[in-house]
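Peer 1: Make the full structure from the sequences, and use the hints.
Number of protein chains: 2
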Amino acid sequence: MIIDKLIEKIKETGNPTVVGLDPRLNYIPEFITKKYFAKYGNTPKAVAKAMYKFNKHIIDAICDIVPAVKPQIAMYERYGIEGLKAYEKTCRYAKKKGLIVIGDIKRSDIASTAEAYSDGHIGRVDINGEVYESFCQDFITLNPYLGSDSITPFLKDCLEYEKGLFVLAKTSNPNSGEIQDLLVDGTPIYEKVGALIEKWGESTRGKYGFSSVGAVVGATHPEQAKKLREVMPHTFFLVPGYGAQGGKAEDLAVCFNSDGLGAIVNSSRGIIAAHLKDEYKSCFENEVDFALAARQACIDMKNDLRRCI
Amino acid sequence: MIIDKLIEKIKETGNPTVVGLDPRLNYIPEFITKKYFAKYGNTPKAVAKAMYKFNKHIIDAICDIVPAVKPQIAMYERYGIEGLKAYEKTCRYAKKKGLIVIGDIKRSDIASTAEAYSDGHIGRVDINGEVYESFCQDFITLNPYLGSDSITPFLKDCLEYEKGLFVLAKTSNPNSGEIQDLLVDGTPIYEKVGALIEKWGESTRGKYGFSSVGAVVGATHPEQAKKLREVMPHTFFLVPGYGAQGGKAEDLAVCFNSDGLGAIVNSSRGIIAAHLKDEYKSCFENEVDFALAARQACIDMKNDLRRCI
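Residue numbers (my numbering), protein chains in the order written: chain A, 15 to 323; chain B, 15 to 323.
The set of hints was computed from the structure by calculation and includes no laboratory data. This structure is a prediction, so every number in the text was calculated from the model and none was measured. Certain hints may be false.
Heads up, the list lumps identical chains together, so a pair's fine if it works in one copy or across two of them.
Under the rule of at most 27 Å between Cα atoms (straight-line distance), these lysine-lysine pairs were calculated in the DSSO-like manner [what the hints assert, rightly or not]:
{"id": "1", "residue 1": "K59", "residue 2": "K170"}
{"id": "2", "residue 1": "K291", "residue 2": "K241"}
{"id": "3", "residue 1": "K109", "residue 2": "K23"}
{"id": "4", "residue 1": "K213", "residue 2": "K103"}
{"id": "5", "residue 1": "K170", "residue 2": "K70"}
{"id": "6", "residue 1": "K59", "residue 2": "K110"}
{"id": "7", "residue 1": "K23", "residue 2": "K170"}
{"id": "8", "residue 1": "K262", "residue 2": "K111"}
{"id": "9", "residue 1": "K221", "residue 2": "K316"}
{"id": "10", "residue 1": "K262", "residue 2": "K241"}
{"id": "11", "residue 1": "K241", "residue 2": "K221"}
{"id": "12", "residue 1": "K25", "residue 2": "K316"}
{"id": "13", "residue 1": "K316", "residue 2": "K213"}
{"id": "14", "residue 1": "K49", "residue 2": "K23"}
{"id": "15", "residue 1": "K67", "residue 2": "K110"}
{"id": "16", "residue 1": "K240", "residue 2": "K170"}
{"id": "17", "residue 1": "K48", "residue 2": "K23"}
Peer 2: Following this line, the structure appears as structure tokens:
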């Protein structure tokens, strides 16, 4: 089960941090962008090449001290086909460097369409007997609004190819409560969804008691996260919202069990744009070493999390 | 407003049908696939080229008798980058032929990420002053589970570039009720979402009284659709589930107002795979004319719908 591999990587690095690879043009140092704009002009291709090169620097700098990365596909889809090429190459490079890759794609559709997404993101396509892996991720995120038949088509590929899911339960954004917090006979929707996620994961439980169907639970809502940790004992949490979005280590400690397992915490700009912050300027002398700031930010995040869990 | 253009195209063709361009390899006639497998081998590139060629045949055969097409991006994402190239080219070709393009992408994310999706799908990217349209759609579908701040970032591009949205309210799949039908003080979630969609669309209302923020309302749930038509008077419906999924013209008549406006009904395999059905074999003599079956299926669907609305 992929969840066992994720847990073992967390134990190995002692760091439940996942690095959000969500590049923006203004994060990328000039020594990278200049080269590609000179070669390809002011084009999506130049931006995509720069994003991939930027990600490679970050991955090289952090791959031995964190268990996983989470590229957000929207940041690449923004630049169309060229951007998506950078997404695909980033996933492959991160895997090659031993990282678990969580594709943040938040897809959702009816069963026959869900199968197509599953084929493309965690499964395979068979073309007259020749088999291809289109995008190459270990986990993907999914949106549960359509119900069970939009999620269960992914389970076959999870079992066959050792892949996993993180399904949205309670998200980190300010308006997440508008639908997710509505009360059904006294129980909020996110808890109803949480119970479904526990059930969806039953067939994918690994040796540490967690299933390969995890839940997205925002760091910005500690009370709700605490309740979800109780009602979802076999469900691993992917926790967004730490850092830039306002979630603090103290708040998200409730997502972890007493043995320190149970969750992995995402930080994106806090790590990949650390080189732009004054406090990390001393980590590198030359611009080409900017990713040392990301490395230091991962170490700082580890220490901050371990202080509380 | 794009919704006005959609309504005018519906009036012009007298046909509230949207053709779902969801190609599968087994729908595509051999005279197309043979050529590309010979040229590119059993590769995603060959499949993608065949899908685009298939779509072109369909588009050419139907572009004067329907207002819109709705490519389902999952069918293309399944084949990775090559598949997505076929998606992008399909959108551009359909627009060139005068069709309204509804990209069925069902994206959802927090505000800063929603902006990236908006840039890529209905907006523009600016690269050092040069401006690009990545994917080229008129409308896109969105999932509302994250709440207002996951939807409102798209409104700026809707107003600036004359684009629109269809947000999921009540979907057509068998398990759609699991979350969507839960009752909050007696009101189902899909109605709560419906009220939000009415509100999100306020700034985008056009001259026919409908806004450019529509709702997805499945044909398979006539009672719910009837109620939603009442509580969402300014919201145009995109209705999936007709035909192959079991929705009948009688069932979805409730989605329309007495003037025959208010909804557009999708059919995918019922149209694009019509050439495989016995009843449409007489529409074409040679395989190269297979798309005449799709044309006849659009006419039959128009007559079936107009019988009831």
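Peer 1: Work down the list of hints and note, for each, if the structure agrees.
Peer 2: Now for the hints, and whether the structure bears them out:
1. K59 to K170: between (35 Å within a copy, 26 Å between copies)
2. K291 to K241: neither (35 Å within a copy, 53 Å between copies)
3. K109 to K23: Classified as within: same-chain Cα gap 13 Å, cross-chain 48 Å, threshold 27 Å.
4. K213 to K103: neither (34 Å within a copy, 40 Å between copies)
5. K170 to K70: Answer is neither; intra-copy 32 Å and inter-copy 33 Å both fail.
6. K59 to K110: For K59 and K110, the Cα distance is within 27 Å both inside one copy (23 Å) and across copies (24 Å).
7. K23 to K170: within (24 Å within a copy, 42 Å between copies)
8. K262 to K111: neither (29 Å within a copy, 53 Å between copies)
9. K221 to K316: within (25 Å within a copy, 56 Å between copies)
10. K262 to K241: Classified as within: same-chain Cα gap 18 Å, cross-chain 43 Å, threshold 27 Å.
11. K241 to K221: Answer is within: at 24 Å inside a copy they meet the 27 Å cutoff, but 48 Å across does not.
12. K25 to K316: For K25 and K316, only the intra-copy Cα distance (12 Å) is at most 27 Å; the inter-copy one is 61 Å.
13. K316 to K213: Answer is neither: 31 Å inside a copy and 43 Å across each miss the 27 Å cutoff.
14. K49 to K23: Classified as neither; 35 Å inside a copy, 47 Å across copies.
15. K67 to K110: Only inside one copy: K67 and K110 sit 15 Å apart there, 36 Å across copies, limit 27 Å.
16. K240 to K170: neither (31 Å within a copy, 37 Å between copies)
17. K48 to K23: Neither: 36 Å inside a chain and 46 Å across chains, both beyond 27 Å.
Going through the hint list in order, the structure does not satisfy hints 2, 4, 5, 8, 13, 14, 16, 17.
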